[in-house]
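Chemist: Residues per chain are reported as follows:
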Amino acid sequence: MRRPARGTEDWWAVWIGLGLFTLSLPVLAGIDTLGWAAATQVWTVPAKAVAAVSKAYAALPGIESLVLTYLFLLAAMSLGAAALGFDLRRFVAGFSVIFWASYLCWLAGNHAYIAATPDKRAGFGIAWSLSLTGEAGFIVALLAGLVVGNFFPRASAALGEATRPEWYVKTAIVILGGSLGVQAAGARGLATAVLFRGLAAIVEAYLIYWAVVYLVARRFFGLTREWAAPLASGVSICGVSAAMATAAAIRARPIVPIMISSLVVVFAVVELLILPFAAQTFLAHQPLVAGAWMGLAVKTDGAAVASGAITDALIRAKAAGAGVAYQEGWILLTTTTVKVFIDMFIGVWAFVLAVVWTSAIERGSGARLSAADVWTRFPKFVLGYFASFLAMLLLVIARPGLLDAAKLATAETNVFRVLFFAMTFFTIGVASDFRKLGQEGIGRLALVYVVCLFGFIVWVGLAVSWIFFHGIVPPRVTS
Amino acid sequence: MEEPLLPAEVKLIAWSLVLGVVLLGLLVWVSNAFFAP
Numbered sequence: 001m002r003r004p005a006r007g008t009e010d011w012w013a014v015w016i017g018l019g020l021f022t023l024s025l026p027v028l029a030g031i032d033t034l035g036w037a038a039a040t041q042v043w044t045v046p047a048k049a050v051a052a053v054s055k056a057y058a059a060l061p062g063i064e065s066l067v068l069t070y071l072f073l074l075a076a077m078s079l080g081a082a083a084l085g086f087d088l089r090r091f092v093a094g095f096s097v098i099f100w101a102s103y104l105c106w107l108a109g110n111h112a113y114i115a116a117t118p119d120k121r122a123g124f125g126i127a128w129s130l131s132l133t134g135e136a137g138f139i140v141a142l143l144a145g146l147v148v149g150n151f152f153p154r155a156s157a158a159l160g161e162a163t164r165p166e167w168y169v170k171t172a173i174v175i176l177g178g179s180l181g182v183q184a185a186g187a188r189g190l191a192t193a194v195l196f197r198g199l200a201a202i203v204e205a206y207l208i209y210w211a212v213v214y215l216v217a218r219r220f221f222g223l224t225r226e227w228a229a230p231l232a233s234g235v236s237i238c239g240v241s242a243a244m245a246t247a248a249a250i251r252a253r254p255i256v257p258i259m260i261s262s263l264v265v266v267f268a269v270v271e272l273l274i275l276p277f278a279a280q281t282f283l284a285h286q287p288l289v290a291g292a293w294m295g296l297a298v299k300t301d302g303a304a305v306a307s308g309a310i311t312d313a314l315i316r317a318k319a320a321g322a323g324v325a326y327q328e329g330w331i332l333l334t335t336t337t338v339k340v341f342i343d344m345f346i347g348v349w350a351f352v353l354a355v356v357w358t359s360a361i362e363r364g365s366g367a368r369l370s371a372a373d374v375w376t377r378f379p380k381f382v383l384g385y386f387a388s389f390l391a392m393l394l395l396v397i398a399r400p401g402l403l404d405a406a407k408l409a410t411a412e413t414n415v416f417r418v419l420f421f422a423m424t425f426f427t428i429g430v431a432s433d434f435r436k437l438g439q440e441g442i443g444r445l446a447l448v449y450v451v452c453l454f455g456f457i458v459w460v461g462l463a464v465s466w467i468f469f470h471g472i473v474p475p476r477v478t479s
Numbered sequence: 001m002e003e004p005l006l007p008a009e010v011k012l013i014a015w016s017l018v019l020g021v022v023l024l025g026l027l028v029w030v031s032n033a034f035f036a037p
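In the order they appear, the protein sequences are chains A and B.
Using my numbering, the first residue of the first sequence is number 1, and each one after it goes up by one.
Using my numbering, the first residue of the second sequence is number 1, and each one after it goes up by one.
Everything labelled a hint here was simulated from the structure, so no lab data went into it.
Here the structure is a predicted model, which is why all the values come from computation and not from measurement.
Incorrect hints may appear among the rest.
[Claimed, not checked] Label pairs and their in silico Cβ distance ranges: (1) Val10(B) to Leu60(A): 51 to 59 Å; (2) Ile397(A) to Trp15(B): 28 to 36 Å; (3) His470(A) to Val10(B): 29 to 37 Å; (4) Val266(A) to Val30(B): 54 to 62 Å; (5) Pro7(B) to Lys48(A): 39 to 47 Å; (6) Trp29(B) to Ser96(A): 37 to 45 Å; (7) Val352(A) to Val21(B): 58 to 66 Å.
We put the beta carbon where it would ideally sit given N, CA and C, even for glycine.
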C-alpha cells in the first residue's frame, strides 16, 4: 500500500550515502564498524573471490560477510523506501532479487579470465584474459538486466517497485566523494613538480576535451543535449562516474548514462591493450610523458591505472635493455596523479552543468527561473558528494597521520558504492527493451565516441603530456 | 528530434575553450618558472 512520500529519492540518496560515509568514520579512531562488508576480488578460485574488506574481520567467512552486507543494505534502503511511500513488501522482495542478481553479475565480471589485466595474469597462473578489469561486471549486469527486461516481462514487472536506477546511482556518487577526498589529500605528498603539472590535466579534460566533444556530438552528429552532455563527460573525464553524474545533473533519462558507460568500458579495454605498447615503442625516452598520457587518454579509473602499471613495466624493461635502470613506480605515480586530479572535479563539473542547464538551457518558453525553481530542480546528491569529499580532504590535510585509516574507511564504503553501481546497471537493463535501444541509436553514439577518442583525445592528451612532462625522468636505481 | 545549438550552449563551449587555452598557457609558464624539476 502506498503512503505519502517524505522527501525525494534525491535527498534519500544523500542521507543513505552520507549515513554509510559516517558509519565508516569510527575506523579513524580504531573502531572498525564497516570492516565486515564483503569485498570482491578478481578470482580464479571461488572460495577466494569474496572476503571481508578489513583485515580486522579476516576470520569472518566470505559468504557470511556477503549476507551481512545484503541485510545491511536491505535495512538501509527499506528505511528510505518506507519514507518515500513505496509498497514495502514489494520493495523488499524486488530489492532482494536485484541485489543477488547484480552481485552474481559483479562476481562473474571479476573472474580472472575476464577481468585480469596483462600485468596480473602471471599472479593468477593464466596465459590470457580479456583484460576488461572488474568493471566488466557492470556490463554483465546490464546484459542480465536486459535479458530479464526483454524476455521475462512478468518478472520485470514484479521487480518494478525496486527498479530504481537513479536512486542507486546517486547514492553511489555521494559515497564516491569521500573516496576521492582521501585520494586528493594523499596526493599532497607526491613530488611537487609532478603534482603541479597534473593540474594541466584538469584544465584539459574539463575545459578543452569536454567542449570539443560536446560541439562535435551536437553540431556534426546531431545528438540531442540529453545524449551529448553525458557522452562528452564520459569520453573526456572519467568514464562511468562522470557520465552518470552529468546525466543526473542535467536530468537525462537513466538509459543515457548506462549506454554511454557501456561504451566507455568497452573502449577503455581497447586503449588498455594498445596504448601501453605504443608508449613503449615511441615514448621510452620520455617515461613521465607516457605515464601522463595513460592518465589523460585511458578512460575508467581501473583501466587507466592498469595502463600506467603496464607502461611502467614496459618502459623500465626497455630502458634496462639500454643499460638505464629507472626506479619502479614513477610512471604509474604520474598516471595516478593525473587521473585523481581529473576525478576530483566530477562534482564541480556536475554542479556547473546543473546550474547552466537549470538557469539557461531548460528555461522552456523563455520564462526566467526563480532561485527557488533552480533549487527545486538542482540535483541534491551533488551536495552529498561535496560534503563527503570535503570532509575527508580537510580531515586528512589537518591530520596527515590518519591517511591510512582514511583509506581503509573509503575502501569499506567503496564496497557499497560498487554494489550500488552494479544494481544501477542491472535495473537499467530491467527497465529497458531492445527496441528502445535501437531507436536511441547506439551505433551513432559509438561512432561519435570512437571519432572523438581516437581522432582527438588521444592525440591532444599526448601533446599536452609532452608539453608538461617532457625532459622529466624518474630517479635511477643507485645500487 | 533536431535540437539547434542554443546561445547558452555556444557560450558554454566558447568560454570553456578560451579559458582552457589561457589556463594551459599560464600553467606552462608557472610550471617552467617555479616548478622546474
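Chemist: Hints first: check each against the structure and report whether it holds.
Modeler: Here's how the hints hold up against the structure:
For Val10(B) and Leu60(A), the hinted distance range of 51 to 59 Å is satisfied, since their beta carbons lie about 57 Å from each other. Between Ile397(A) and Trp15(B) the beta carbon distance is about 31 Å. The supplied range of 28 to 36 Å therefore holds. For His470(A) paired with Val10(B), a C-beta distance near 35 Å keeps the hint of 29 to 37 Å intact. For the pair Val266(A) and Val30(B), the supplied restraint of 54 to 62 Å is violated, since their beta-carbon distance comes to about 38 Å.
A hinted range of 39 to 47 Å for the beta carbons of Pro7(B) and Lys48(A) is inconsistent with their spacing of about 57 Å. Remark: the range hint 37 to 45 Å for Trp29(B) to Ser96(A) is contradicted by a beta-carbon distance near 58 Å. Distance hint check: the CB atoms of Val352(A) and Val21(B) are about 18 Å apart, inconsistent with the given range 58 to 66 Å.
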